[in-house]
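These are the residues of each chain, in order.
There are 2 protein chains.
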Amino acid sequence: MDIKNKYVTIKTNINGAPKESNFEIKVENVSFIIESESKDVVVKNLFVSIDPYQINRMKSQSSSQGTISFATAITPGESIDSYGVGRVLFSHRPDFKKGDLVAGLLTWGEYSIVKEGSLLNKLDPIMGFPLSYHVGVLGFSGLTAYGGFFEVCKPKPGEKVFVSAASGSIGHLVGQYAKLLGCYVVGSAGSQEKENFLKERLGFDDAFNYKQETDLKSALKRCFPQGIDVYFDNVGGRMLEAAVANMNSFGRVAVCGVISEYTNATTRAAPEMLDIIYKRITIKGFLAADLMNVYAEFLSKTVEYLKSGKLKTIEDVSQGVESIPSAFIGLFNGENIGKKIVKVADE
Amino acid sequence: MDIKNKYVTIKTNINGAPKESNFEIKVENVSFIIESESKDVVVKNLFVSIDPYQINRMKSQSSSQGTISFATAITPGESIDSYGVGRVLFSHRPDFKKGDLVAGLLTWGEYSIVKEGSLLNKLDPIMGFPLSYHVGVLGFSGLTAYGGFFEVCKPKPGEKVFVSAASGSIGHLVGQYAKLLGCYVVGSAGSQEKENFLKERLGFDDAFNYKQETDLKSALKRCFPQGIDVYFDNVGGRMLEAAVANMNSFGRVAVCGVISEYTNATTRAAPEMLDIIYKRITIKGFLAADLMNVYAEFLSKTVEYLKSGKLKTIEDVSQGVESIPSAFIGLFNGENIGKKIVKVADE
Chain W
1 MDIKNKYVTI KTNINGAPKE SNFEIKVENV SFIIESESKD VVVKNLFVSI DPYQINRMKS
61 QSSSQGTISF ATAITPGESI DSYGVGRVLF SHRPDFKKGD LVAGLLTWGE YSIVKEGSLL
121 NKLDPIMGFP LSYHVGVLGF SGLTAYGGFF EVCKPKPGEK VFVSAASGSI GHLVGQYAKL
181 LGCYVVGSAG SQEKENFLKE RLGFDDAFNY KQETDLKSAL KRCFPQGIDV YFDNVGGRML
241 EAAVANMNSF GRVAVCGVIS EYTNATTRAA PEMLDIIYKR ITIKGFLAAD LMNVYAEFLS
301 KTVEYLKSGK LKTIEDVSQG VESIPSAFIG LFNGENIGKK IVKVADE
Chain P
1 MDIKNKYVTI KTNINGAPKE SNFEIKVENV SFIIESESKD VVVKNLFVSI DPYQINRMKS
61 QSSSQGTISF ATAITPGESI DSYGVGRVLF SHRPDFKKGD LVAGLLTWGE YSIVKEGSLL
121 NKLDPIMGFP LSYHVGVLGF SGLTAYGGFF EVCKPKPGEK VFVSAASGSI GHLVGQYAKL
181 LGCYVVGSAG SQEKENFLKE RLGFDDAFNY KQETDLKSAL KRCFPQGIDV YFDNVGGRML
241 EAAVANMNSF GRVAVCGVIS EYTNATTRAA PEMLDIIYKR ITIKGFLAAD LMNVYAEFLS
301 KTVEYLKSGK LKTIEDVSQG VESIPSAFIG LFNGENIGKK IVKVADE
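Those sequence lines, one after another, are chains W and P.
Under UniProt numbering, the first sequence has 120 at position 120, and the numbering climbs by one with no breaks.
Under UniProt numbering, the second sequence has 225 at position 225, and the numbering climbs by one with no breaks.
If you are wondering where the hints come from, they were derived from the structure by calculation, not from laboratory data.
Remember, it's a predicted structure, so these values are computed and weren't measured experimentally.
Beta carbons: idealized from backbone N, C-alpha and C, even for Gly.
Be aware that a few hints might be false.
Unchecked claim - Lysine to any residue pairs mimicking SDA-like chemistry, simulated, CA-CA at most 20 Å apart:
no.	chain 1	residue 1	chain 2	residue 2
1	W	Lys154	P	Phe129
2	W	Lys26	W	Ile113
3	P	Lys98	P	Val88
4	W	Lys11	W	Met1
5	P	Lys154	P	Leu299
6	W	Lys217	P	Thr266
7	P	Lys154	W	Gln212
8	W	Lys217	P	Ala270
9	P	Lys98	P	Glu151
10	P	Lys154	W	Thr282
11	P	Lys39	P	Lys115
12	P	Lys307	P	Tyr295
13	W	Lys154	P	Lys154
14	W	Lys154	P	Glu151
15	P	Lys217	W	Ala270
16	P	Lys217	W	Ala265
17	W	Lys44	W	Thr9
18	P	Lys44	P	Leu105
19	W	Lys26	W	Ser79
20	P	Lys312	P	Asp205
21	P	Lys217	W	Thr266
22	P	Lys179	P	Lys199
23	W	Lys6	W	Lys26
24	W	Lys217	P	Ala265
25	W	Lys26	W	Ile329
26	P	Lys154	W	Phe250
To be verified - Incomplete in silico selection of chain P near chain W, CB under 10 Å:
no.	residue
27	Tyr53
28	Glu272
29	Asp275
30	Arg280
Said to hold, decoys possible - Over the 10 Å line for every Cβ pair with chain P, so calculated as not near, a few chain W residues:
no.	residue
31	Arg93
32	Gly128
33	Lys156
34	Lys211
35	Pro225
36	Leu240
37	Lys310
38	Gly334
39	Glu347
So here's chain W without its partners, still in its complex pose (with noise of 0.2 Å):
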């Protein structure tokens, strides 16, 4: 069986921020000679994700981030893996039949071959949403906010919750999170349009435009005047220590990005450690990975807040496989509101 193949790589490693030329669109022949006992799932695409962290796994491991060897490393000229939506093309496994939807660890291409041992789910098509929400807010974006907030930050109604990035993938969804528990919530954003999302269209409490802040201390001040309880983490650097600065005794700090960091190891956040001893702050490292085991609960609270029209999801979505190199570009200029995707293929 021959398909042809069309996806993106990396042509170097990238230490800064990515640019159209660290891309390349290849396309190649493949061959399927698969043998019965072939445990290779070929899928054809529909959906796949655009994140910022997977900038980290483009790093080479010699920069001064080189440390992260916990990313696993992409391969200049290789595929890339990221988590997508697509139908079965061909599988000899009973468990993936032709024509199955599926969810999983795909690549940013039209075709992925997943090896047996990656991660592959059948998609239940009975849940009647988008089959891009399952990219998005029942994928590994939702179960990250859900996750995150709930498990990490063990929240309680009425608490104030921070969220940077706030109309981001994860964090548009966290904040929905903690208004649905009771929460008061600020989210900070990198635009007027933003701010204004952030408080019109979701419901947040309050939200501002770090770009039009001098000074990010005084404006969660402004913002908590009773002090920050959880703070959701996606940017790191000058806005931890302004959210450390402001938060409460026993505050909790959840870091799932630090995307100021990303394309400039130079920003690197030094919070007031005095401030962590004295108001016993916790910040805690996460990744969706760990949080499975709330991953029954995320998804039926999750549908059922969808359904119920008590929780937005929003979704950017770019077509084609040639649109993945600019759409994740995009996602450091802060070009997105809400889920990037890339739509590969129609169903």
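Place chain P on chain W using the hints.
This is chain P only, laid out in the frame that chain W set:
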């Protein structure tokens, strides 16, 4: 009743490293006309604790670290409260009688007037330990070490534990508790003498003199070829950064003190947040006052370990109220080994 009370005070707020000229010994004639309904307890101080954290209370609130309003400020000219052991000289309260041994919040002086509601407990003399132990290993230093290690770090036998300022009042106990649990323990300290002391006297698996290391990251890599699971942080700054870089997945940092930052706000730690995320590291500040739930357990275990010789405590005792300023200043020059205590009077 008249007493002449000699006590230590600060002349003005202190915003850098403390110097002799910042302190003053005052002598005051105090007349007590304690009415029968007074709840004040007058205590003759015997031993007082000398702790680095007090410097944070001496700073002016307008300093760059002035957000630390959580630590009750020490007012220039007034007496300085501190944990200590003494004997009741005068009391109308039925729970404290003249001659009773007590431990609690006394002052850096010859006498303390302890108000109702302030920390004061009768000391059980049947334990048979030197009275000074109740200021250190059986007092707040011990509780901080025990609770900070077991409750905050949640260590398991076999885990790799790093302790900074390991020859200090708290560090030298943490390392021994960790050894008693069955951990691999490495300490850092500021001299060859202290390094030897940790390895030869206290049974640490390894130790290093941080002043002899050009690269703390490499030093920790050498001492922890399998990585660090638990870091008990007494110093902050570059050491915290190096520890985070060498940490294993799900590593825990208990932030007990940041002595490198107390007198120099420019040495703030900027740990690599990518490490914190990918390795799911938890950084947690704590205060001994929050650990009272393990007080009984701490005391019974520690008494047992001391009696059986499994735990050694080291004290560095100066004599007389006049020695308090230099004893305190010495903490920031690394002069003490073990718990720094001033003996104010004979029993």
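So, going through the hints one by one against the coordinates:
1. Pair hint W:Lys154 plus P:Phe129 does not hold up; C-alpha atoms about 43 Å apart against a cutoff of 20 Å.
2. Taking the CA atoms of W:Lys26 and W:Ile113, the gap is near 16 Å; set against the 20 Å cutoff, the hint holds.
3. A C-alpha spacing of about 5 Å is found between P:Lys98 and P:Val88, which places the hinted pair at or below 20 Å, so the restraint holds.
4. For the hint pairing W:Lys11 with W:Met1, the CA-to-CA distance comes to about 28 Å; that exceeds 20 Å, so the pair is violated.
5. For the proposed pair P:Lys154 and P:Leu299, the alpha carbon gap of about 18 Å is at most 20 Å, so the pair holds.
6. Of the supplied pair hints, the one linking W:Lys217 and P:Thr266 holds, its CA atoms being roughly 18 Å apart against a limit of 20 Å.
7. A threshold of 20 Å between alpha carbons decides the hint, and for P:Lys154 with W:Gln212 the separation of about 43 Å lies outside it, so the pair is violated.
8. Under the criterion of a C-alpha separation no larger than 20 Å, the hint pairing W:Lys217 with P:Ala270 is consistent with the structure, at around 18 Å.
9. Proposed proximity of P:Lys98 and P:Glu151 is contradicted: the alpha carbons are some 37 Å apart, above 20 Å.
10. Straight-line distance between C-alpha atoms of P:Lys154 and W:Thr282 comes to about 14 Å, which keeps the hinted pair within the 20 Å bound.
11. The straight-line distance between the Cα atoms of P:Lys39 and P:Lys115 is roughly 7 Å, inside the 20 Å bound, and the hint therefore holds.
12. Annotation: proposed proximity of P:Lys307 to P:Tyr295 holds, straight-line Cα distance about 18 Å (limit 20 Å).
13. Between W:Lys154 and P:Lys154 the alpha-carbon distance is near 18 Å, which keeps this suggested pair within the 20 Å criterion.
14. The hinted pair formed by W:Lys154 and P:Glu151 meets the criterion: a straight-line CA distance of about 18 Å does not exceed 20 Å.
15. Simply put, P:Lys217 and W:Ala270 have alpha-carbon atoms about 18 Å apart, close enough for the 20 Å limit, and the pair holds.
16. Annotation: proposed proximity of P:Lys217 to W:Ala265 holds, straight-line Cα distance about 17 Å (limit 20 Å).
17. Straight-line distance between C-alpha atoms of W:Lys44 and W:Thr9 comes to about 18 Å, which keeps the hinted pair within the 20 Å bound.
18. Note on P:Lys44 and P:Leu105: the hinted pairing holds, with a Cα-Cα distance of about 12 Å set against a maximum of 20 Å.
19. About 9 Å separates the Cα atoms of W:Lys26 and W:Ser79, which keeps this hinted pair within 20 Å; it holds.
20. A hinted pair counts as satisfied when its Cα atoms are at most 20 Å apart, and P:Lys312 with P:Asp205 qualifies at roughly 16 Å.
21. Pair hint P:Lys217 plus W:Thr266 holds up; C-alpha atoms about 18 Å apart against a cutoff of 20 Å.
22. For the given pair, P:Lys179 sits about 12 Å from P:Lys199 by alpha-carbon distance, which is consistent with the 20 Å threshold.
23. Distance check on the hinted pair: W:Lys6 and W:Lys26 sit about 6 Å apart at the alpha-carbon level, within 20 Å; holds.
24. Of the pairs offered as hints, the one joining W:Lys217 and P:Ala265 holds, with about 17 Å between alpha carbons and a cut-off of 20 Å not exceeded.
25. Distance check on the hinted pair: W:Lys26 and W:Ile329 sit about 18 Å apart at the alpha-carbon level, within 20 Å; holds.
26. Proposed proximity of P:Lys154 and W:Phe250 is supported: the alpha carbons are some 18 Å apart, at most 20 Å.
27. Checking P:Tyr53 against chain W by beta carbon gives a least distance of about 8 Å; that is within 10 Å, so the hint holds.
28. Taking 10 Å as the C-beta contact cut-off toward chain W, the hint placing P:Glu272 at the interface holds, the least distance being around 7 Å.
29. For P:Asp275, the interface hint holds, the least distance from its beta-carbon to any beta-carbon of chain W being 6 Å, beneath 10 Å.
30. Hint on P:Arg280 holds. Least Cβ distance to chain W is approximately 5 Å, under the 10 Å limit.
31. Its beta-carbon lying about 31 Å from the closest one in chain P, W:Arg93 satisfies the requirement of being farther than 10 Å from that chain.
32. The beta carbon of W:Gly128 sits about 34 Å from the closest Cβ of chain P, which is more than 10 Å, so the claim that it is off the interface holds.
33. With a minimum CB-CB distance of about 18 Å to chain P, W:Lys156 clears the 10 Å threshold, and the non-interface call stands.
34. Taking the minimum C-beta to C-beta distance to chain P, about 21 Å, the non-interface status of W:Lys211 holds against the 10 Å cut.
35. Non-interface call for W:Pro225 relative to chain P: holds, since the shortest CB-CB distance, roughly 15 Å, exceeds 10 Å.
36. Against the 10 Å criterion, W:Leu240 falls within the reach of chain P, whose nearest CB is about 7 Å from its own CB.
37. No Cβ of chain P approaches the Cβ of W:Lys310 within 10 Å, the least distance being about 29 Å, so the stated non-interface status holds.
38. The non-interface label for W:Gly334 is consistent with chain P: the shortest C-beta to C-beta separation is roughly 19 Å, beyond 10 Å.
39. Its beta-carbon lying about 34 Å from the closest one in chain P, W:Glu347 satisfies the requirement of being farther than 10 Å from that chain.
Consistency with the previously given hints fails for numbers 1, 4, 7, 9, 36, ordered from lowest to highest.
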